[in-house]
Amino acid sequence: MTNEQGKARAMRTGWIVIVLLAVLTAIEYVISLMTGGNWLPLAVIILIKTGLIVQYFMHLPRVLSPEQQGGGH
Amino acid sequence: MARASSSAHTAHTFPLPFSRPSMNRLGLWLFFVSEAFLFAGILASRFALLPGERPNLNQSLGLIVTSVLLLSSFFMYRAETAISHGDHSTFLTSLVLTILLGVGFLAGVVGMEWPLATAEGITPASGVDGALFYFMTGMHAFHVLTGVIFLIIVYGNGRRGVYSAEAHWGVEAAALYWHFVDVVWVFFYPALYLIGRAAAR
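Residue numbers (the numbering used here), protein chains in the order written: chain Z, 1 to 73; chain Y, 74 to 274.
Since the hints were derived computationally from the structure, they do not count as laboratory data.
In this text, a Cβ means the ideal position worked out from N, Cα and C, and glycines have one as well.
Take these hints with a grain of salt, some might be off.
[Unchecked claim] What follows is a list of derived Cβ distance ranges for each label pair: (1) Thr219(Y) - Ala22(Z): 40 to 50 Å; (2) Arg9(Z) - His161(Y): 34 to 44 Å; (3) Thr35(Z) - Asn230(Y): 41 to 51 Å; (4) Ser65(Z) - Arg233(Y): 26 to 36 Å; (5) Ala192(Y) - Thr35(Z): 40 to 50 Å.
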């Protein structure tokens, strides 16, 4: 994979994640209105949103496998 | 002298189990774990002190500031991705957008939500809901502020050409910190605005 292809792929991942986060936030808001603030469905959405950010934006796999590419020195 | 030279040679010969960036990364994540305990404690006190209720806040503003912070995380990701592929222009543009959105979040919470809440009679001394609201948003806003300062320093370094595709640990660290602050808000936003019935005033 070339540098440009790698960048395009990473940027696409970023777009997908932010769209998912926006949709989940909207769902969260609607659920709160519909259920009168029931915590259980909201807790599920919180965990999904956290998972997306930690996995894709914070690159958790880099910590778990140090061989992966990162920010250098 | 000969011994010192020998030990230096030994240290150079045997590879470390982790390279330096990996150790930096691990150290930063351990810092996040310690920070997570702090925020988890605050979150636990919110539900222990105000069970079944939430502060009566401006819902639209809460949704807007949450969207602004999520969008800032996206631009931070974009900035890090760009520098890791040697694209300085996109890196700097995305970093500026992240900083502006961060400042926008602070303006929304501290500059707008706090005065609105005060006008509604929610003050730090008005009751448990007020105390929790200002404590949670204040503690989070302080982290956003330090993140913005961190990003401004990274921007200055970026303008001077300090970072490259091969070496940009400063950018990665700033990005990790910024996303962590975003994750904290992912928990705080529902805890303050969505979960429970609005407390009567």
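Tested hints:
The given range of 40 to 50 Å is broken by Thr219(Y) and Ala22(Z), whose C-beta atoms sit roughly 26 Å from each other. For the pair Arg9(Z) and His161(Y), the beta carbons lie near 20 Å from each other, so the given range of 34 to 44 Å is not met. At about 47 Å, the CB distance of Thr35(Z) to Asn230(Y) agrees with the hint of 41 to 51 Å. A hinted range of 26 to 36 Å for the beta carbons of Ser65(Z) and Arg233(Y) is consistent with their spacing of about 32 Å.
Distance hint for Ala192(Y) and Thr35(Z): a CB-CB separation of about 29 Å, inconsistent with the stated range 40 to 50 Å.
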